[in-house]
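Student: Below are the chains, spelled out letter by letter.
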Amino acid sequence: MIWLALIFSQAFAMSRGEYVLRVAGCVHCHTQSPSEPLAGGRRLATPFGTFFTPNISPDRETGIGAWTFEQFAKAVREGVSPSGTVYYPAFPYRSYARMSDEDVNELFNHLMSRPAFRRHNIAHELQFPYDYRWLINFWRLLFFGAQPDLPSRGAYLVEALGHCTECHTERNSMGGLKSAMWMGGSKEKLEGRVIPNITPDMETGLGAWSMFDWELFLTSGFRPNGSSVGGEMAFVVQGTAALTPEDRAAVIDYLMNLPPVQNRVVAP
Amino acid sequence: MRRVLALFLLLAACNRQGPHKPSSPAATGDVSFDAVKAVFTKNCAGCHPSRAAPDWLNYDQAKAYANNGRLVQRVVHDRSMPPPQTPESASMTESERQLIDRWAKAGAPETARGEPRPGPAQEPPVAQSCFQCHGAEGAGSESEPKIPRLAGQNEEYLVQQIYRFKWRERVDPTNRMNDVALMMGEEQIRSAANYFAKKPWPRPSRPVTAESARLNERGKLLARISCNVCHASDAAENRPLTPWLPELRGQSQPYLINQMLHFRADERRSPLMHQFARELSNEDIEALAVHYAFGGD
Numbered sequence: 001m002i003w004l005a006l007i008f009s010q011a012f013a014m015s016r017g018e019y020v021l022r023v024a025g026c027v028h029c030h031t032q033s034p035s036e037p038l039a040g041g042r043r044l045a046t047p048f049g050t051f052f053t054p055n056i057s058p059d060r061e062t063g064i065g066a067w068t069f070e071q072f073a074k075a076v077r078e079g080v081s082p083s084g085t086v087y088y089p090a091f092p093y094r095s096y097a098r099m100s101d102e103d104v105n106e107l108f109n110h111l112m113s114r115p116a117f118r119r120h121n122i123a124h125e126l127q128f129p130y131d132y133r134w135l136i137n138f139w140r141l142l143f144f145g146a147q148p149d150l151p152s153r154g155a156y157l158v159e160a161l162g163h164c165t166e167c168h169t170e171r172n173s174m175g176g177l178k179s180a181m182w183m184g185g186s187k188e189k190l191e192g193r194v195i196p197n198i199t200p201d202m203e204t205g206l207g208a209w210s211m212f213d214w215e216l217f218l219t220s221g222f223r224p225n226g227s228s229v230g231g232e233m234a235f236v237v238q239g240t241a242a243l244t245p246e247d248r249a250a251v252i253d254y255l256m257n258l259p260p261v262q263n264r265v266v267a268p
Numbered sequence: 269m270r271r272v273l274a275l276f277l278l279l280a281a282c283n284r285q286g287p288h289k290p291s292s293p294a295a296t297g298d299v300s301f302d303a304v305k306a307v308f309t310k311n312c313a314g315c316h317p318s319r320a321a322p323d324w325l326n327y328d329q330a331k332a333y334a335n336n337g338r339l340v341q342r343v344v345h346d347r348s349m350p351p352p353q354t355p356e357s358a359s360m361t362e363s364e365r366q367l368i369d370r371w372a373k374a375g376a377p378e379t380a381r382g383e384p385r386p387g388p389a390q391e392p393p394v395a396q397s398c399f400q401c402h403g404a405e406g407a408g409s410e411s412e413p414k415i416p417r418l419a420g421q422n423e424e425y426l427v428q429q430i431y432r433f434k435w436r437e438r439v440d441p442t443n444r445m446n447d448v449a450l451m452m453g454e455e456q457i458r459s460a461a462n463y464f465a466k467k468p469w470p471r472p473s474r475p476v477t478a479e480s481a482r483l484n485e486r487g488k489l490l491a492r493i494s495c496n497v498c499h500a501s502d503a504a505e506n507r508p509l510t511p512w513l514p515e516l517r518g519q520s521q522p523y524l525i526n527q528m529l530h531f532r533a534d535e536r537r538s539p540l541m542h543q544f545a546r547e548l549s550n551e552d553i554e555a556l557a558v559h560y561a562f563g564g565d
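Sequences listed follow chains E and A, in order.
Just so we're aligned, residue 1 is where the first sequence starts under our numbering, counting upward by one.
Just so we're aligned, residue 269 is where the second sequence starts under our numbering, counting upward by one.
Chain E extracted, bound-state conformation (with noise of 0.2 angstroms):
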């Protein structure tokens, strides 16, 4: 299994546009139909509602196809549409915010190449209070601030592309995340599922990980023990095993050395 996925990863020589779309996860959301990859229309079951992810396939009518690279851009890092409506952060722009140009750009190049599908947009289904949509500016004006630069490669691919943040940080009522609890997990449940403390907490969190031992899980699911993640960890995993060796090597740096946060999700 293992030596498949690094087989499949090292074997099709991808282009920089794919790579990014992969390693930032895009596919998996937006798809509902394997039959129409990218074409949206997916169900996303959160605390705050339903959420159906839309059409980014480059259909001109339904899809993203009419978008200039401008209006991608700004959708991408800013969460704000052609129309200048603002995005739920169901969809993780905060941490899209830090995309480089260069992905970005070569994120728009590979999304417009491929093929277009019709198919219209639902509208989300959300409880009270959340389907005002003109309540997000107040998260924003909140949460989505300027923010630093990224230190190293490995936290961009974590924190930008990969946004691992979003749902590995606890957040608080008003839907920000708790900097002191960076990646600790979160007891809130995504898809009936806790979400896993992976800083190297000796008790509560990863501490007792080997580099090979995230080698192993990033590239094939495997945990040491011999179990495999499910839910949506299991997609996230079709987008780690496709990073290069360096940048696997970065992001398991990365997260080795992440400052440990005691926090325990799940029982001993």
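A couple of the hints might just be wrong.
What the hints assert, rightly or not - Cross-link-like lysine to aspartate or glutamate pairs, in silico, EDC-like; alpha carbons within 20 angstroms at most:
1. A:Lys-488 x E:Asp-131
2. A:Lys-488 x A:Asp-552
3. A:Lys-467 x A:Asp-302
4. E:Lys-178 x A:Glu-505
5. A:Lys-310 x A:Glu-364
6. E:Lys-178 x A:Asp-502
7. A:Lys-466 x A:Glu-405
8. A:Lys-373 x A:Asp-346
Since the hints were made in silico from the structure, they are not lab data.
For this one, chain E is given, so just place chain A on it according to the hints.
Tutor: Chain A in isolation, oriented as in the chain E frame:
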């Protein structure tokens, strides 16, 4: 939008004034009940009066406890009041405890030595015109509930609003507030705002009917991710983010509804508030007003 708030915070910071320093009291017999009352208001009125606990703002009760020695015993000697570990215990300063001690030792006089009995003539003259509508305690008006409560309101906010009425940037449809503000000078505006800001904020009631409980709940959900960001900020212990913003908790419900309708119609000018108010339905506005009138918990 972020820029608007940043500018707004900047303005608020520029206009913030230093705290007023209380003048230090002189020798025994020079402490009036008004002086210790200020200490009680600041440190004790959060809990007192309740059940067996005396009302320290009532001179007769305070005097009785001062003369039987229990006040000094608990506040000055064994320091069991305000209860240890409470914010009040930390906020009561050593000089405030000494002030109570001196006042009790002098026999708990109502007025300081050589000072005339405080009467209506001692109040700042302009406060009299405020009292007519807002009440001497700033509790608002029962007959005209669209008149706001001022007690415990942010001082800077009150000053700013009186100026707005004076310059007709804010217009009271009855013109009363504009007429009064027009006659007020800088000194009077400051002293009136200071007077009401120091009054204890009235304790709000709880929801009584199923309908008010439902509205309170709706208002709570909405307020938590919108209004509270500025008006009851986590970063400021649920107080408004800056002293230029009004405290909403415990405010009169009809006043809040009326003001939100004015914001929505752009009759009370505030680009930011107009932007938010126009997104709200009548039910949302009512729910928010109910929520804050009930204390915002």
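Student: Next, verify each hint and record whether it holds.
Tutor: Results of checking the hints against the structure:
A hinted pair counts as satisfied when its Cα atoms are at most 20 angstroms apart, and A:Lys-488 with E:Asp-131 qualifies at roughly 15 angstroms. Distance check on the hinted pair: A:Lys-488 and A:Asp-552 sit about 10 angstroms apart at the alpha-carbon level, within 20 angstroms; holds. Proposed proximity of A:Lys-467 and A:Asp-302 is supported: the alpha carbons are some 13 angstroms apart, at most 20 angstroms. Among the hinted pairs, E:Lys-178 with A:Glu-505 is consistent with the structure: their alpha-carbon atoms are about 17 angstroms apart, no more than 20 angstroms.
A threshold of 20 angstroms between alpha carbons decides the hint, and for A:Lys-310 with A:Glu-364 the separation of about 10 angstroms falls inside it, so the pair holds. For the suggested pair E:Lys-178 and A:Asp-502, the alpha carbons sit about 13 angstroms apart, so the restraint of at most 20 angstroms is met. Of the pairs offered as hints, the one joining A:Lys-466 and A:Glu-405 holds, with about 10 angstroms between alpha carbons and a cut-off of 20 angstroms not exceeded. For the proposed pair A:Lys-373 and A:Asp-346, the alpha carbon gap of about 17 angstroms is at most 20 angstroms, so the pair holds.
Checked against the numbered hints above, the structure breaks none of them.
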